[in-house]
Structure formats: C-alpha cells, structure tokens
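S.K.: Residue numbers (the working numbering), protein chains in the order written: chain A, 140 to 333; chain B, 2 to 48.
Because the hints were derived from the structure by calculation, they are not lab data. Take these hints with a grain of salt, some might be off.
Dumping the calculated DSS-like pairs for lysine-lysine here, alpha-carbon to alpha-carbon at most 27 Å [to be verified]:
{"id": "1", "chain 1": "A", "residue 1": "Lys152", "chain 2": "A", "residue 2": "Lys231"}
{"id": "2", "chain 1": "B", "residue 1": "Lys19", "chain 2": "A", "residue 2": "Lys180"}
{"id": "3", "chain 1": "B", "residue 1": "Lys37", "chain 2": "A", "residue 2": "Lys200"}
{"id": "4", "chain 1": "A", "residue 1": "Lys200", "chain 2": "A", "residue 2": "Lys212"}
Owing to the predicted nature of the structure, the values given are computational and were not obtained by experimental measurement.
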Amino acid sequence: MADLHIPDALLVKNYVEGNESALGTLIKRHESKIYGFIYSKIADRDISNDIFQDTFIKVIKTLKSNSYNEEGKFLPWVMRISHNLIVDHFRKTKKMPMYRETEEFSIFSIMSDDSLTIEGKMIVDQVEIDLKKLIEELPEDQKEVLVMRMYQDMSFKEISELTNVSINTALGRMRYALMNLRKIIDKHQIILTN
Amino acid sequence: MAKIYSKKALASKNLKPKKEVISFLLNYSQALTIVKIEDKSFEIIAN
Chain A
140 MADLHIPDAL LVKNYVEGNE SALGTLIKRH ESKIYGFIYS KIADRDISND
190 IFQDTFIKVI KTLKSNSYNE EGKFLPWVMR ISHNLIVDHF RKTKKMPMYR
240 ETEEFSIFSI MSDDSLTIEG KMIVDQVEID LKKLIEELPE DQKEVLVMRM
290 YQDMSFKEIS ELTNVSINTA LGRMRYALMN LRKIIDKHQI ILTN
Chain B
2 MAKIYSKKAL ASKNLKPKKE VISFLLNYSQ ALTIVKIEDK SFEIIAN
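Take these sequences, add in the hints, and give me the full structure.
M.R.: Written as structure tokens, this is what we have:
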C-alpha cells in the first residue's frame with residue numbers, strides 16, 4: 140500500500156536504477172487508464188492488449204536505455220506512446236474497399252451524382268427569375284426586409300438597425316412579405332418547384 | 002421507431018489488460034538489459 144504514495148517520477152527513477160518492482164507499481168497504477176484509452180479507440184480486447192503490451196515494451200526499452208526525459212510526466216508520456224501505436228495500427232489495417240462490377244452488381248448502384256441535370260438547372264434558374272419578379276411586387280418596406288434577410292443574409296438585429304425600426308417590426312414585415320408572396324402565388328396559380 | 006444517434010461510450014473505467022500481458026511485461030523487463038557502447042545500443046535478453 141505504501142507504493143501508492145510514491146510519486147511516478149520517483150518510481151521511474153527507482154526502476155531506472157534497477158528496482159524491477161517499481162515497474163509493476165507503475166503498471167498497476169495506470170493500467171486501467173491506459174488500457175481504457177486504447178480500448179476506447181480500438182474497441183477490440185485482443186488488439187487493445189497487444190497495443191498495451193507494445194506500449195510498455197517501448198516504455199521499458201526507453202527507460203532501460205536511459206533515454207527517458209524527466210521533463211514530462213510519466214502518464215502523458217505513456218499515453219502519447221499508446222496514441223502513436225493506435226495511429227500505426229489504423230494505418231496498417233486501413234484497407235480501401237474494392238468493388239468489382241458483376242452481372243448482379245452494378246458499380247453505379249453505389250455511385251451517384253448529386254448534381255442537377257441540365258433540365259434541373261434550367262428549372263432552378265427559372266424559379267429564381269420568377270421569384271425575383273414576385274418580390275418586386277411587394278410593398279417597399281416588406282421587400283427591403285426580405286431582400287436583406289434572404290439575399291444579403293443579414294440578421295433581424297442588423298436589419299432593424301439599418302432600417303431604423305424595432306426588431307419586432309422587422310420580423311412583422313418579413314412575415315407579411317412571406318404571406319403576400321404566398322397570396323400572389325396562390326392567386327396566379329404559380330408553381331415554384333424544382 | 003425513434004433513431005438513436007448517440008454513440009455508446011466505449012471507455013469503461015474498470016477495463017484492465019490481461020494478466021498474461023502484465024506478467025509478460027514484468028518478465029520481459031527483468032530479462033532485458035540494454036548495453037550502450039558508444040553510439041550503439043545492444044539489447045540482451047536473459048533466458
């Protein structure tokens with residue numbers, strides 16, 4: 140139990156000087172933190188054990204060859220080693236899935252092109268033109284708020300400051316602008332879609 | 002049915018490595034001696 144009060148740095152020093160049991164204390168003290176960290180990334184008990192083992196093999200070799208730099212703390216140093224080994228593990232096992240086209244399986248079933256077709260693009264452009272025409276029909280104060288909000292991406296706070304009205308008035312104008320647009324669209328049976 | 006987006010936390014506080022791993026490490030440490038001669042280092046594993 141007395142081991143629990145010995146700081147890591149002292150245990151490391153003792154170990155470097157030949158006290159083998161100090162390593163056991165260090166491992167016991169930090170095993171669940173280090174193993175838990177590795178497992179949280181790997182999610183496989185066996186591989187986590189391997190990486191834990193490789194981590195401490197590096198630790199042992201570094202300490203025994205007197206290359207350990209006492210500047211840092213022991214646990215963060217070990218964590219960094221395990222982190223590097225985790226990265227190495229993912230690098231090694233990273234495989235690009237390969238698909239081959241067969242009679243039953245078409246490569247295009249997993250590949251898709253989200254961009255619009257020429258027809259789709261024309262529709263979008265037409266909708267945009269129609270909408271601008273409709274906005275022109277709105278009363279000036281409503282048009283102003285709607286354009287600032289939708290086309291200039293301004294906040295209602297900015298709009299209210301620029302137009303010298305309260306935020307609530309700006310919000311109200313936006314609401315009426317949208318209602319009026321819907322009314323015009325309904326009245327003239329305009330279909331805005333793409 | 003509602004879709005659960007949260008991921009299960011993998012990290013558990015009581016996870017520990019296998020006893021065999023720990024005992025291997027302690028034995029390995031006892032067996033290993035590193036000798037440095039000039040700029041080269043040699044690892045000696047005692048049986």
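S.K.: Each hint: holds or not?
M.R.: Status of each hint after checking the structure:
1. For the hint pairing A/Lys152 with A/Lys231, the CA-to-CA distance comes to about 35 Å; that exceeds 27 Å, so the pair is violated.
2. Proximity of B/Lys19 to A/Lys180 is assessed by CA-CA distance (about 18 Å); at most 27 Å being required, the pair is judged to hold.
3. At most 27 Å may separate the alpha-carbon atoms for a hinted pair to count; B/Lys37 and A/Lys200 meet this at roughly 12 Å.
4. A C-alpha spacing of about 17 Å is found between A/Lys200 and A/Lys212, which places the hinted pair at or below 27 Å, so the restraint holds.
Violation of the numbered hints given earlier is confined to hint 1; every other hint is satisfied by the structure.
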